[in-house]
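Could you put together the complete structure from these sequences and hints?
Counting the sequence shown from 1 gives a position; the numbering used here is that position plus 6.
Incorrect hints may have been included.
Said to hold, decoys possible - In silico BS3-like cross-links for lysine-lysine, where the CA-CA straight-line distance does not exceed 27 Å:
{"hint": "1", "residue 1": "Lys437", "residue 2": "Lys496"}
{"hint": "2", "residue 1": "Lys320", "residue 2": "Lys581"}
{"hint": "3", "residue 1": "Lys495", "residue 2": "Lys434"}
{"hint": "4", "residue 1": "Lys434", "residue 2": "Lys671"}
{"hint": "5", "residue 1": "Lys434", "residue 2": "Lys457"}
{"hint": "6", "residue 1": "Lys138", "residue 2": "Lys125"}
These are calculated hints, taken from the structure and not from any lab test. Source: prediction; values computed, not measured.
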Amino acid sequence: MTENVVQLHKAPPPDLTDTLTETIIDVVANAEPRPVDPPAEQAPAGTWIADRQAYLAEAPPVVPTFLRNAAEFINGARWTVSYYGHVTGFHALRAPVYLARLLLRSPRGAGRLLVRWGKWVADTEARPVEAKAAASADIEAWLSLSREHSRRVRPRRIASLAVATVTGITTLVSSFLVPSWTLTAAIAAAALTGLNGKKGDKPLITRYVATNVLRRLDSTEVFDALAAIGIEGRKGRRGVEFASEVMRDGPGWRAEVDLPAGIKAAEVLEKREALAAAMRRPISTVWLEGDRSAHPGRLVLWVAQRDPAKAARKLWPLMREGQADVYEPLPYGFDPRGNLIDITLMYSNLLVGGIPGSGKTSCALAIVLGVALDPTAELWIYELKGSGDLDSVRPVCHRYVSGDEDEDLEAALGGMRSGIAEYQRRAKFIKGLPSSEVPEGRKVTRALAEKYPEQNLGPRVIVIDEVQELFTHADYKDEAAALATRLIKKGRAYGIILILLTQNPDAPSLPTGVSSSVGTRLCLAVMDWRANNNVLGTGAYDRGLRATDISIDEQGTGILARGREGITVRAAFIKQTEAEEIGKRALALRTAAGTLTGQAVGNVVEVLDVETVVDHLRAVWPDGVEAVHSHRLVEALARLRPDLYRPWLELDAAGSSTALSAALKPFRVATRQLTIRECCGGAKGLRYADLPAVEDGE
Numbered sequence: 007m008t009e010n011v012v013q014l015h016k017a018p019p020p021d022l023t024d025t026l027t028e029t030i031i032d033v034v035a036n037a038e039p040r041p042v043d044p045p046a047e048q049a050p051a052g053t054w055i056a057d058r059q060a061y062l063a064e065a066p067p068v069v070p071t072f073l074r075n076a077a078e079f080i081n082g083a084r085w086t087v088s089y090y091g092h093v094t095g096f097h098a099l100r101a102p103v104y105l106a107r108l109l110l111r112s113p114r115g116a117g118r119l120l121v122r123w124g125k126w127v128a129d130t131e132a133r134p135v136e137a138k139a140a141a142s143a144d145i146e147a148w149l150s151l152s153r154e155h156s157r158r159v160r161p162r163r164i165a166s167l168a169v170a171t172v173t174g175i176t177t178l179v180s181s182f183l184v185p186s187w188t189l190t191a192a193i194a195a196a197a198l199t200g201l202n203g204k205k206g207d208k209p210l211i212t213r214y215v216a217t218n219v220l221r222r223l224d225s226t227e228v229f230d231a232l233a234a235i236g237i238e239g240r241k242g243r244r245g246v247e248f249a250s251e252v253m254r255d256g257p258g259w260r261a262e263v264d265l266p267a268g269i270k271a272a273e274v275l276e277k278r279e280a281l282a283a284a285m286r287r288p289i290s291t292v293w294l295e296g297d298r299s300a301h302p303g304r305l306v307l308w309v310a311q312r313d314p315a316k317a318a319r320k321l322w323p324l325m326r327e328g329q330a331d332v333y334e335p336l337p338y339g340f341d342p343r344g345n346l347i348d349i350t351l352m353y354s355n356l357l358v359g360g361i362p363g364s365g366k367t368s369c370a371l372a373i374v375l376g377v378a379l380d381p382t383a384e385l386w387i388y389e390l391k392g393s394g395d396l397d398s399v400r401p402v403c404h405r406y407v408s409g410d411e412d413e414d415l416e417a418a419l420g421g422m423r424s425g426i427a428e429y430q431r432r433a434k435f436i437k438g439l440p441s442s443e444v445p446e447g448r449k450v451t452r453a454l455a456e457k458y459p460e461q462n463l464g465p466r467v468i469v470i471d472e473v474q475e476l477f478t479h480a481d482y483k484d485e486a487a488a489l490a491t492r493l494i495k496k497g498r499a500y501g502i503i504l505i506l507l508t509q510n511p512d513a514p515s516l517p518t519g520v521s522s523s524v525g526t527r528l529c530l531a532v533m534d535w536r537a538n539n540n541v542l543g544t545g546a547y548d549r550g551l552r553a554t555d556i557s558i559d560e561q562g563t564g565i566l567a568r569g570r571e572g573i574t575v576r577a578a579f580i581k582q583t584e585a586e587e588i589g590k591r592a593l594a595l596r597t598a599a600g601t602l603t604g605q606a607v608g609n610v611v612e613v614l615d616v617e618t619v620v621d622h623l624r625a626v627w628p629d630g631v632e633a634v635h636s637h638r639l640v641e642a643l644a645r646l647r648p649d650l651y652r653p654w655l656e657l658d659a660a661g662s663s664t665a666l667s668a669a670l671k672p673f674r675v676a677t678r679q680l681t682i683r684e685c686c687g688g689a690k691g692l693r694y695a696d697l698p699a700v701e702d703g704e
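Following this line, the structure appears as structure tokens:
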């Protein structure tokens with residue numbers, strides 16, 4: 007910081023009796039600024055102190071994390087005791103079986119020992135050398151070897167005879183004096199002998215096979231696995247290096263690896279299956295991610311100690327008690343480390359995509375049940391598969407439709423139209439509020455909804471499952487895409503949340519306007535990078551967000567992304583019977599709060615549609631085109647809203663143009679004669695600039 011240089015002068019009092027003084031501040035012009043805070047001293051770059059300072063800035067903690075976190079320490083200690091206690095009990099129960107195996111192998115073991123003893127006594131190792139000397143007719147060498155052989159064999163024979171005699175006599179006497187001890191010693195000796203009678207393909211001890219508990223991760227395994235998939239694994243400046251030691255990280259191990267120069271972590275991410283094969287571990291236990299905060303070549307490898315696919319189910323936090331708040335993040339699922347992952351719906355929208363069988367139903371249940379447990383949230387559900395997967399929340403829904411007929415698709419369109427009408431109503435109300443009541447911006451908040459309960463400003467959540475039925479329907483696809491895009495872009499600030507789920511995340515099933523506008527995305531297992539990017543956004547695959555690496559067996563597992571970053575998460579598994587119980591709790595909460603509406607109280611839901619022909623023209627207007635002939639606009643309108651505009655197609659070009667002109671008169675928009683060379687010469691038409699300007703809230 008610096009300060010201006012000023013001089014203070016006290017002028018003499020004009021009157022001696024006046025005790026007041028006048029302070030004159032004289033600012034010195036062009037004064038050099040003088041530092042107030044001394045600059046921090048920095049060691050010269052490249053010096054030993056500078057290197058140590060850089061190390062200290064990112065040095066690991068003195069006390070390990072598991073010792074500073076009581077819950078983590080207790081969890082680790084409890085697991086260790088239970089693991090080794092289980093292994094000990096496992097083998098203790100099988101001890102008689104192990105003893106029986108040893109006794110059965112004792113004859114073979116005794117025979118092997120006798121053969122070895124006989125070879126030792128006879129010194130058979132020297133026989134080939136003696137035979138070679140005899141064959142070469144080297145008498146002197148043969149005599150020398152023969153004397154040496156006699157010198158070595160004689161003491162062995164005597165010692166063997168003495169041991170055999172003493173053992174026989176001791177055994178005979180003991181069998182009469184202490185028969186029980188003799189029997190015990192005999193069994194023990196037989197068991198020890200049986201150790202030498204094992205077969206290579208039949209281990210003595212039954213191997214403790216824990217299919218969901220894996221060995222500890224170490225650096226050697228990481229080096230070897232990376233080398234096996236083509237990443238240089240040798241130590242050294244040009245090879246793989248560890249940014250930190252392999253450490254415990256929750257229910258597994260974490261390894262941070264700096265890949266060789268020129269190799270990005272994204273190149274390894276696509277080889278997850280090959281890396282798991284090289285490590286001889288289940289693919290569901292091996293998780294890779296890049297650490298872009300460090301550099302593109304930093305790879306973070308996390309390996310689970312237990313196979314998540316075979317581990318005990320972790321319960322959804324709201325399974326048995328509690329209620330949710332849509333204005334706050336909702337509990338959704340768990341990451342591979344077992345940490346709870348929330349999902350934010352407010353001021354956002356959600357797109358869920360994955361191939362059939364990837365666990366979309368589990369994701370939908372975890373989301374809609376969370377919304378149902380917020381008594382202030384209004385649920386509009388359109389389940390266009392007709393399977394009844396979401397029937398557990400039917401009793402609390404303002405609108406619930408299940409089926410795949412045209413009338414069901416039309417109901418879903420009506421739900422989106424009603425959502426647009428609702429956000430326009432809310433926008434008009436909020437626009438009229440003073441700034442003091444909307445300090446966070448002109449959007450719906452919990453405080454605002456509670457202050458004006460008569461305005462019904464609570465969250466409205468519109469869920470459309472199997473939305474590809476709408477986006478690929480010949481008659482409804484244009485309007486569905488236009489409505490969804492508009493609702494996604496403009497409804498979120500006013501508490502209108504759109505959740506779209508599809509099991510066919512290809513380009514026709516996800517219009518560009520929809521897939522490029524959604525704020526929150528969840529991609530389950532998909533087949534290729536195109537489907538991956540359709541759900542997660544352009545370039546997601548290249549950034550390492552790859553749901554293609556997720557196996558279809560890992561149901562409910564996907565990449566949850568908001569913006570450019572994403573995490574792997576598995577939806578909390580909720581059985582249908584459990585979902586029904588949660589639905590009953592939600593019904594009780596809403597009954598007590600008095601927030602049941604629509605179908606939940608037996609009313610017929612009226613679908614509002616405030617869109618006008620002007621809104622429809624904006625929706626179908628070609629991008630970048632200034633003027634369009636009326637007959638072309640009528641054709642586009644008929645594709646968008648066949649229920650309204652298809653009769654106009656039965657007229658000739660002049661008649662359809664007149665119908666459009668008449669529909670636009672209330673909005674003071676007039677068609678005019680236009681000559682468009684690229685189209686078909688002169689005809690009645692409309693310029694985009696002639697349409698009324700978009701007002702706030704639209």
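- request: With a cut-off of 27 Å on the C-alpha distance, tell me whether lysine 495 and lysine 434 pass.
  value: Holds. Lysine 495 to lysine 434 sits at ~17 Å (cutoff 27 Å).
task: Take a quick look at whether lysine 434 and lysine 457 sit within 27 Å of each other, Cα to Cα.
output: Between lysine 434 and lysine 457 the Cα gap is close to 17 Å, so the pair holds against 27 Å.
- prompt: Given the proposed pairing of lysine 138 with lysine 125, does the C-alpha separation stay at or below 27 Å?
  reply: holds (19 Å)
- prompt: lysine 434 and lysine 671: Cα distance at most 27 Å?
  reply: Between lysine 434 and lysine 671 the Cα gap is close to 24 Å, so the pair holds against 27 Å.
- request: Would you check the hint for lysine 437 and lysine 496, treating anything up to 27 Å between C-alpha atoms as holding?
  value: Roughly 14 Å between the alpha carbons, so the hint for lysine 437 and lysine 496 holds.
- request: Could you grab the alpha-carbon distance between lysine 320 and lysine 581 and see if it respects the 27 Å cut-off?
  value: Between lysine 320 and lysine 581 the Cα gap is close to 13 Å, so the pair holds against 27 Å.
Hint compliance for this structure: every hint is met.
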